[in-house]
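Per my numbering, residue 1 is the first one in the sequence shown, and the count goes up by one each step.
I should point out that these hints are in silico values taken from the structure, not numbers from a laboratory.
By construction, the Cβ of each residue, glycine as well, lies at the ideal position given by its N, Cα and C atoms.
A hint or two may mislead.
To be verified - Within a straight-line C-alpha distance of at most 30 Å, the following computed DSSO-like cross-link-like pairs (lysine-lysine) qualify:
no. : residue 1 : residue 2
1   : LYS130    : LYS113
2   : LYS89     : LYS158
3   : LYS158    : LYS130
4   : LYS113    : LYS158
5   : LYS130    : LYS101
To be verified - DEER-style ranges, computed between Cβ atoms:
no. : residue 1 : residue 2 : range
6   : THR63     : LYS89     : 29 to 37 Å
7   : PHE58     : ILE90     : 14 to 22 Å
8   : GLN98     : PRO71     : 13 to 21 Å
9   : GLY120    : GLU78     : 32 to 40 Å
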Amino acid sequence: MVFTRFFPRWLFVAAVPLFVLVLTLSAFGGTKDDLSTGAMVYVSVYSNIYYGPRVRPFPLAATLSIRNTDPQFPITVESADYYDSDGRKIRDFMEAPQVLKPLASTYFYVEEKDTRGGSGANFIVRWSAKSGVNRPIIETVMTGVESGQGISFVCPGKEIMEHRD
Numbered sequence: 001m002v003f004t005r006f007f008p009r010w011l012f013v014a015a016v017p018l019f020v021l022v023l024t025l026s027a028f029g030g031t032k033d034d035l036s037t038g039a040m041v042y043v044s045v046y047s048n049i050y051y052g053p054r055v056r057p058f059p060l061a062a063t064l065s066i067r068n069t070d071p072q073f074p075i076t077v078e079s080a081d082y083y084d085s086d087g088r089k090i091r092d093f094m095e096a097p098q099v100l101k102p103l104a105s106t107y108f109y110v111e112e113k114d115t116r117g118g119s120g121a122n123f124i125v126r127w128s129a130k131s132g133v134n135r136p137i138i139e140t141v142m143t144g145v146e147s148g149q150g151i152s153f154v155c156p157g158k159e160i161m162e163h164r165d
């Protein structure tokens, strides 16, 4: 066979699985295009939801969670601003930017009794990085308990503007 004359059979046997492994890993790994140097992220917050025929409010607490998903590089959370249903800023949750080390996380909490945001409240989170990094996971977790009933759900953030240098 001509093939084995130029390439030993063991080389072919070793190369095929290695080639398949490289293709598989490249399908799961992030590409350079997936990396970012920062963004502005919109995250929904529900300080209450309505239920029943009388449209009664069910009060909820909200936790904004920001998780650096990059295993090598830090990110900086520049701001986390809380807005009400009419788009008015209620509160700036940060006094200064906060650096999140690789794989670190932080959170901000809106108490159940704080209903100023209404059912259409949101956070605007701005984050940045010195070089291209994996985008962080930014989401809110809403929880509430009333009369023995509990509810919890998660709202993922939506990137609304890419960071500009």
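Status of each hint after checking the structure:
Between LYS130 and LYS113 the alpha-carbon distance is near 38 Å, which puts this suggested pair outside the 30 Å criterion. Using a Cα cut-off of 30 Å, the hinted pair LYS89 and LYS158 holds, with the two alpha carbons roughly 18 Å apart. For the given pair, LYS158 sits about 21 Å from LYS130 by alpha-carbon distance, which is consistent with the 30 Å threshold. For the hint linking LYS113 to LYS158, the alpha-carbon distance of about 26 Å falls within 30 Å, and the restraint holds.
The suggested pairing of LYS130 with LYS101 holds, with an alpha-carbon distance near 13 Å, which does not exceed 30 Å. THR63 and LYS89 have their C-beta atoms about 19 Å apart, which leaves the hinted 29 to 37 Å range violated. A beta carbon spacing of about 20 Å between PHE58 and ILE90 agrees with the range 14 to 22 Å that was offered as a hint. The hint said 13 to 21 Å for the Cβ distance between GLN98 and PRO71, and at roughly 19 Å that hint holds.
Evaluation of the 32 to 40 Å hint for GLY120 and GLU78 yields a failure: the beta carbon distance comes to about 24 Å.
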